[in-house]
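J.: Sequence:
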Amino acid sequence: MRITIVGCGYVGTALARHWHQQGRHWLRVTTTSADRAEELAAVADSVQVLDAADPIGLRQALQGSEAAVFCLAPSGERQVDADGYEATFLRSMQALAAVVGELPQLNQLLYTSSCSVYGNAGGLLEEDTPLQPRDRHGEILRDAEAVLLSCRSPSRRVAIWRLGALYGPGRELQERFRSLAGSQRQGNGAALTSWIHRDDVVAALALALETGLDGVFNLVDDAPISVRDLIDLTCRAAGLKPVIWEAEAAPAADAGAGRRVSNRRLHGLGFQLQHPRLPVLAGRPLAPPR
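For the sequence shown, this note's numbering assigns the number 11 to the initial residue and increments by one for each residue that follows.
You may find that some hints are simply not true.
What the hints assert, rightly or not - In silico SDA-like pairs for lysine to any residue, Cα to Cα no more than 25 Å straight-line: (1) K251 x P179; (2) K251 x Y177; (3) K251 x Q184; (4) K251 x E185; (5) K251 x Q196; (6) K251 x T203; (7) K251 x R195; (8) K251 x G178; (9) K251 x E182; (10) K251 x A201; (11) K251 x R166; (12) K251 x L190; (13) K251 x S236; (14) K251 x R270; (15) K251 x R238; (16) K251 x A191; (17) K251 x R188; (18) K251 x C161; (19) K251 x G197; (20) K251 x P289; (21) K251 x N198.
In case anyone wonders, no lab produced these hints; they're calculated from the structure.
Please put together the full structure from these sequences, using the hints given.
T.: In structure tokens, the structure reads:
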């Protein structure tokens, strides 16, 4: 199969490496950085420097491909404002919608979104839970999903993966939370967070391609963890000073404590997580899928 991976950052590069090692597909990958072209040439048959929001360049990148995987992410490590999100996610999906009608051979679209689209929704968050973005970032991700879903047709499948927070090689939790050691944090940290390992994202995208998956799917592990437990256990494992938590919780934190992202649909696909829980939860029993 001929595949284009649009966006070769943390997830996209790992996915390209996975398929390159299999040797079963012809791969084109895109990057926004010309400096990475040589590196990516080692895991792909073709590399294109591309701003995915450019319809002409995007059409060229997708020409001849039967499947496209969009692993979009803003450039750099710093917090990105809403304008950066719009340029990366929404405008790229709008560019796709503008050219997809000229690409009749493109019959499978895969996309990595985020569980942040649920925003202020409470309770058990399933794929059909009404989305309630809490800020402009979430609204942009919601709108990008809607544009992508408009590209679906009887001959073109669309699979959207809503990812939990990412971790894995190069994104270890100890380094992420090191700066919090010994600090004071507002609230009681009761809000639940959902995580997913990069390698499970790669495996889920590969499964979606192989099975012609269509629809929206949450992609989180089996063990949601409170912010407090996550930070405290990580600092303890790293031998760092504990975080000092205030006793009073803000109303938003109370709401977050009862919110859990469901991965029942994921398990219904027969998908087996390689990393069903964070390393800091090793040895603790897993709750049944919800």
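J.: Each hint should be assessed against the structure and marked as holding or not.
T.: We went through each hint and held it up to the structure:
1. With a C-alpha separation of about 24 Å, the suggested pair K251 and P179 falls inside the 25 Å cut-off, and the hint holds.
2. For the hint pairing K251 with Y177, the CA-to-CA distance comes to about 22 Å; that is within 25 Å, so the pair holds.
3. Among the hinted pairs, K251 with Q184 is consistent with the structure: their alpha-carbon atoms are about 12 Å apart, no more than 25 Å.
4. As the CA atoms of K251 and E185 are separated by approximately 14 Å, the hinted pair is consistent with the 25 Å bound.
5. At roughly 17 Å between alpha-carbon atoms, K251 and Q196 fall within 25 Å of each other, so this suggested pair holds.
6. Taking the CA atoms of K251 and T203, the gap is about 22 Å. The hint holds against a cut of 25 Å.
7. Only pairs whose Cα atoms come within 25 Å are accepted, and K251 paired with R195 is accepted, the gap being roughly 13 Å.
8. Of the pairs offered as hints, the one joining K251 and G178 holds, with about 23 Å between alpha carbons and a cut-off of 25 Å not exceeded.
9. For the given pair, K251 sits about 18 Å from E182 by alpha-carbon distance, which is consistent with the 25 Å threshold.
10. Only pairs whose Cα atoms come within 25 Å are accepted, and K251 paired with A201 is accepted, the gap being roughly 22 Å.
11. For a cut-off of 25 Å, the pair hint linking K251 to R166 is broken: about 52 Å separates their Cα positions.
12. Restraint check for K251 and L190: the C-alpha separation of about 9 Å stays at or below 25 Å, so the hint holds.
13. Distance check on the hinted pair: K251 and S236 sit about 19 Å apart at the alpha-carbon level, within 25 Å; holds.
14. Distance restraint check for K251 and R270: the Cα-Cα separation of roughly 29 Å exceeds the 25 Å cut-off, and the hinted pair is therefore not satisfied.
15. About 14 Å separates the Cα atoms of K251 and R238, which keeps this hinted pair within 25 Å; it holds.
16. Taken as a hint, the K251 and A191 pair is honoured in the structure, with Cα atoms around 5 Å apart against an allowance of 25 Å.
17. A C-alpha spacing of about 9 Å is found between K251 and R188, which places the hinted pair at or below 25 Å, so the restraint holds.
18. With a CA separation close to 50 Å, the supplied pair K251 and C161 exceeds the 25 Å bound.
19. Distance restraint check for K251 and G197: the Cα-Cα separation of roughly 18 Å lies within the 25 Å cut-off, and the hinted pair is therefore satisfied.
20. Proposed proximity of K251 and P289 is supported: the alpha carbons are some 19 Å apart, at most 25 Å.
21. Restraint check for K251 and N198: satisfied, since their Cα atoms lie roughly 17 Å apart, inside the 25 Å limit.
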